[in-house]
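Protein chains in written order, with the working numbering: chain U, 1 to 262; chain D, 1 to 262; chain V, 1 to 346; chain P, 1 to 346.
Read the hints as simulated data drawn from the structure, not as lab findings.
Do not take every clue at face value.
Here are the simulated DSBU-like cross-link-like pairs (lysine-lysine), alpha carbons at most 30 Å apart as the crow flies [stated by the list, open to error]: (1) K84(U) to K2(D); (2) K178(V) to K104(V); (3) K221(V) to K174(V); (4) K332(P) to K292(P); (5) K174(P) to K332(V); (6) K122(P) to K174(P); (7) K174(P) to K205(P); (8) K221(P) to K286(P); (9) K71(P) to K2(U); (10) K105(P) to K91(P); (11) K292(V) to K175(P); (12) K175(V) to K292(P); (13) K71(V) to K2(D); (14) K91(P) to K205(P); (15) K294(V) to K175(P); (16) K294(P) to K175(V); (17) K294(P) to K174(V); (18) K45(U) to K131(U); (19) K292(V) to K174(P); (20) K104(P) to K178(P); (21) K79(U) to K2(D).
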Amino acid sequence: MKQMDLMGWLFLFLGLPLILLLTLPLISMTTEPSAAMLKETIADKDVVAAIARSISLSLCAAGLAFIMGTPLAYLLARKELPGKRLLEGIIDLPIMIPHPVVGIAILSLAGRNHPIGHFLSDVGIQIMGTKTGIICVLLFVGLPFYINTVKSGFDSVPVRLENASRTLGAGALTTFIRITFPLTWRHMILGIIMCTARAISEFGAVVIVAYHPMTAPVMIYERFTAFGLKYSQPIAVWLIFISFVLFVMLRMLSKSIHPYNR
Amino acid sequence: MKQMDLMGWLFLFLGLPLILLLTLPLISMTTEPSAAMLKETIADKDVVAAIARSISLSLCAAGLAFIMGTPLAYLLARKELPGKRLLEGIIDLPIMIPHPVVGIAILSLAGRNHPIGHFLSDVGIQIMGTKTGIICVLLFVGLPFYINTVKSGFDSVPVRLENASRTLGAGALTTFIRITFPLTWRHMILGIIMCTARAISEFGAVVIVAYHPMTAPVMIYERFTAFGLKYSQPIAVWLIFISFVLFVMLRMLSKSIHPYNR
Amino acid sequence: MISLHHINLHLPDFSLTDIHLQVHRHDFFALIGPTGSGKSLLLEGIMGIMPFTSGILLSDGRDITRFPVEKRNLALVYQDFALFPHLNVFKNTLYGTTFHNISKKEAGQRFTYLVSALGLEKIVHRYPHNLSGGEKQRVALARSLILNPQVLLLDEPLSALDPVFHDEARQLLKKVHKELRMTIIMVSHNFDEVLYLANRGAIIKGGRIMHQGDILSIFEKPDSRFTANFVGMKNIMPYHLNGSSLQITGTRLEIIPHCPPDPAHQYMGIRPENILFHIPGNPVCKNHFTGKIKDIASCGVFLRVQLETQGVMFEAVWPAAHIKQFRLETGKTAAFGFPSVAVHTF
Amino acid sequence: MISLHHINLHLPDFSLTDIHLQVHRHDFFALIGPTGSGKSLLLEGIMGIMPFTSGILLSDGRDITRFPVEKRNLALVYQDFALFPHLNVFKNTLYGTTFHNISKKEAGQRFTYLVSALGLEKIVHRYPHNLSGGEKQRVALARSLILNPQVLLLDEPLSALDPVFHDEARQLLKKVHKELRMTIIMVSHNFDEVLYLANRGAIIKGGRIMHQGDILSIFEKPDSRFTANFVGMKNIMPYHLNGSSLQITGTRLEIIPHCPPDPAHQYMGIRPENILFHIPGNPVCKNHFTGKIKDIASCGVFLRVQLETQGVMFEAVWPAAHIKQFRLETGKTAAFGFPSVAVHTF
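For reference, chain U alone in the conformation it holds in the complex (with noise of 0.2 Å):
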């Protein structure tokens, strides 16, 4: 790290704009909304109904790609596997991906005509309009967020750590249950905060599959269709500040005590 010099201000005056543009946006929404009308907006049930399922199915989401996306990750950092660039590549996907095509990509698989829509239909799961289809869809854009953060993680490990809980008469699962797991479990937090906050987010894709039951992100949409600016606003600073309270819990959590540096 070095000191600021002449090219690093000439360097922050070139990068200005953006911070600019990335700043006053959200100040000036976050100011403008009154007092009284904040309050009277988290006063209104259905707002505080879309926020909460926002958050719990997106949660949902992330706790989804918790417990299948941690074993995925960890092939990933750690086993040769055939195919495994694809396999990369198939996890970045979502990113790649506008919005509403991931919605129509997800419908695409549920029409009745489709044989794994019939299936679906048949065992009673629906995905149009349906909670179930909302947390198909922020898992689907939420993965890579997860499995990039944890994979990290687990490079993070020296290998040469699992080899010695090896070599000193542990198995292999017994090895990641031990030695990897307590390693890597503030990444897993930090991956189900990425995941959660990028699932809150979406709009276009959840819009597709599901209307109703509706999001934040969608009652937002509707209002500000409906009545303008000035009555979506008040939604967005309250999402926007709840989601924060959470994230700065989750990351609470995983800063509690822990004695060792890393």
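Given the coordinates of chain U, assemble chains D, V and P onto it according to the supplied hints.
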């Protein structure tokens, strides 16, 4: 890297549902439209215009990210800055903010009753319903992808190389141009790809700022709500296909002959 | 104890080829070679971390070639010690005991013994990031030794330590070997270290064993130019036989060997410390010359002297005392010689 | 040539404190100290990469304390050589010439000279990733030397090289110093290396200069326990004066020094190679003892012998030949001694 063992196969089995979730919908979406429908769609001038608009505006945003974001990424990678942590947080913000909220925030700034909006409209810059507005939105959502990719590129160049260049008589800016840039331009190409991809996929923020001029994701959404799944699929397939070709071309460019390994 | 027969290990960019090794009980066996020679890979192969492609690995006569790592009852101490950062010294040391048939009581006894034997009393509750290099090494040893492994494998045990701690660490390893009567296989690229610690060893180069046997015999009778160079032999020159003496190729200088060389040999070498300064009045060596001093360079208490005679350069290491006493300096002439037993051919 | 006056450099977790140094023209000056002593930081300070907090840095009498790095006309060769990976050897070597007033012709001449002097002919078109450690070092030297810097700064020049190349690299540095008549400041933690290369030096510890002067005088007359340890002195023991002899504290053993010690001194030390095996028939040293051999350990051609007499342990380094000839082994007694000039106090 290790061979697959029993645990490896167990972990793969656990992660299988996720791989299916990511691949099956895309496969079914891309295989459902008939060749005739795909041909008919690409003959539609509106569709071609929307896809061209999406790609060109996204590349514009990525170009701005390159010009203004590169110096910022260098600062973050190399220099001591007061409030650097805060700045890093600000740059990651767009990932965490719900997409319609991004649109609403940018419109909050552009309103005629806001001093900045007033100033912008005085100098003839319109945000609402214009290409300028769309570029702002796309830059907002794409920027973190560009900056984080390029920052990790700068991180991978040892500071010692820059110091060595200085000891040999080159100034700070010359060193950046002759040493740092040649060693990181591949990261910049990758950053541009990431930023463009994120911008092309944006829908929620764009639809708030500008329903018209229509970008491809907005058109897909419009066709879906107006005519149903079947009529939105072909545009989705074309958008993905064309973006894919674009990214492959950019990648090839960055992998063109270079005489050293890194 | 440990024996390897026809061992091969193929990786995309490196191979171990047809390795045979015999490590006896209570050996301190050194695998010696330059960086990239495959010596650490061989260690990982014996441990089971990198499975051998073919060949047989016997431990006490039992074929363990296909045993998983954790069933081999061998212990490997990594170069960087690989302590678990989230466990303190106490938990690191006891980690392996839960996976073996060791009773709580037995584990406790062994722990108490090792803590005092390795001097860990004061650091039992510390975490690895608060330990010095030497302390880490002792914890890593304790963690392995508590399991009573049949063989202890050490990967470059000194190279991660600050040079200041080398002496101490060497003595510790010697103590572990002697007092616990361990069988040890050590990887090293430093021949001094090996001379101090090991009794037997093998020279490895490019994934092949070049030479194997007693350390002293490797040191004194290297059998190839590579080994000769590696163990610090100098004055390596090609020769051809001229009657019973060795004539240095391209010159007229003749050297008298102790006994007729193997006809297959082509090179001779002499350790620089065996080239003696001829102190006036002392009896003369069989090979004696008068040469011009071309360079004198300090390397600690000793000086490295380059001597030229009849177009051949000899390198000798002489005590600084001689240089002072006899006022030797560059450009002067000096009489020197070496006994015929000091002449090695290969 | 280069002089530092009252130099301080404060970092959040380390400081250089009140450094004074004098490097003369054509010196090969060594900054010597253990890891973390601040010696590399001092080098970066002189180069201007880490600006000094206070103090004055003079180069040829000119105050360059506030000059930017690129205007100092010094050259720094990093430990890992820091070659530019995207430029071949040719372009790496010529990189600096465009930023100095060097004509194309002049640059070409210097390049041709350096290529032949440093033996780069065969690698001119290669890229750094295809070079061996020794080749990288030579390119890094050429890249700096082509600019005719006033002083060449070397950061641990041998530590990144395979030990096999150490000899070669040492000779190269010696050659650069002699033939190009360079002034060199080298950072090192290895005293043997310093003895071979440098003529003057300073011992640095915890960001402070402990001792400064001729390398031989530092080697022979260390002035603190730290320096003594660092230059390989052993047998360091506290004493108190008893008449004209030194009585080792806690024992009755008395040692006769060459001249009365400084009253402020508290410790004595003797190099292990100065403790001589008493060969029967030879004249006896002023200090002579009979002791029990407690341990004999090989360290190359020499053996490290621990001798106990009157409760004091002495460490001596004796040639293997003595051990063989006189059949010395652990448990036997041996007569030994050391001249009074070998006794140093500090």
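Right, here's what the structure says about each hint:
1. K84(U) to K2(D): At roughly 13 Å apart (the allowed maximum being 30 Å), K2(D) and K84(U) satisfy the hint.
2. K178(V) to K104(V): It holds: about 27 Å lies between the C-alpha atoms, which stays within 30 Å.
3. K221(V) to K174(V): Answer holds: K221(V) to K174(V) is near 25 Å, not above 30 Å.
4. K332(P) to K292(P): holds (6 Å)
5. K174(P) to K332(V): Given pair K174(P), K332(V) holds - Cα atoms ~21 Å apart, limit 30 Å.
6. K122(P) to K174(P): With Cα atoms ~23 Å apart, K122(P) and K174(P) stay inside 30 Å; holds.
7. K174(P) to K205(P): holds (26 Å)
8. K221(P) to K286(P): The hint holds at about 20 Å.
9. K71(P) to K2(U): Answer holds: K71(P) to K2(U) is near 18 Å, not above 30 Å.
10. K105(P) to K91(P): Between K105(P) and K91(P) the Cα gap is close to 16 Å, so the pair holds against 30 Å.
11. K292(V) to K175(P): Given that 30 Å is the threshold and the Cα spacing comes to 20 Å, the pair holds.
12. K175(V) to K292(P): This hinted pair holds, its Cα atoms lying about 20 Å apart.
13. K71(V) to K2(D): holds (18 Å)
14. K91(P) to K205(P): violated (39 Å)
15. K294(V) to K175(P): holds (14 Å)
16. K294(P) to K175(V): The hint holds at about 14 Å.
17. K294(P) to K174(V): holds (15 Å)
18. K45(U) to K131(U): holds (19 Å)
19. K292(V) to K174(P): Judged against 30 Å, a Cα distance of about 20 Å means the pair holds.
20. K104(P) to K178(P): holds (27 Å)
21. K79(U) to K2(D): holds (5 Å)
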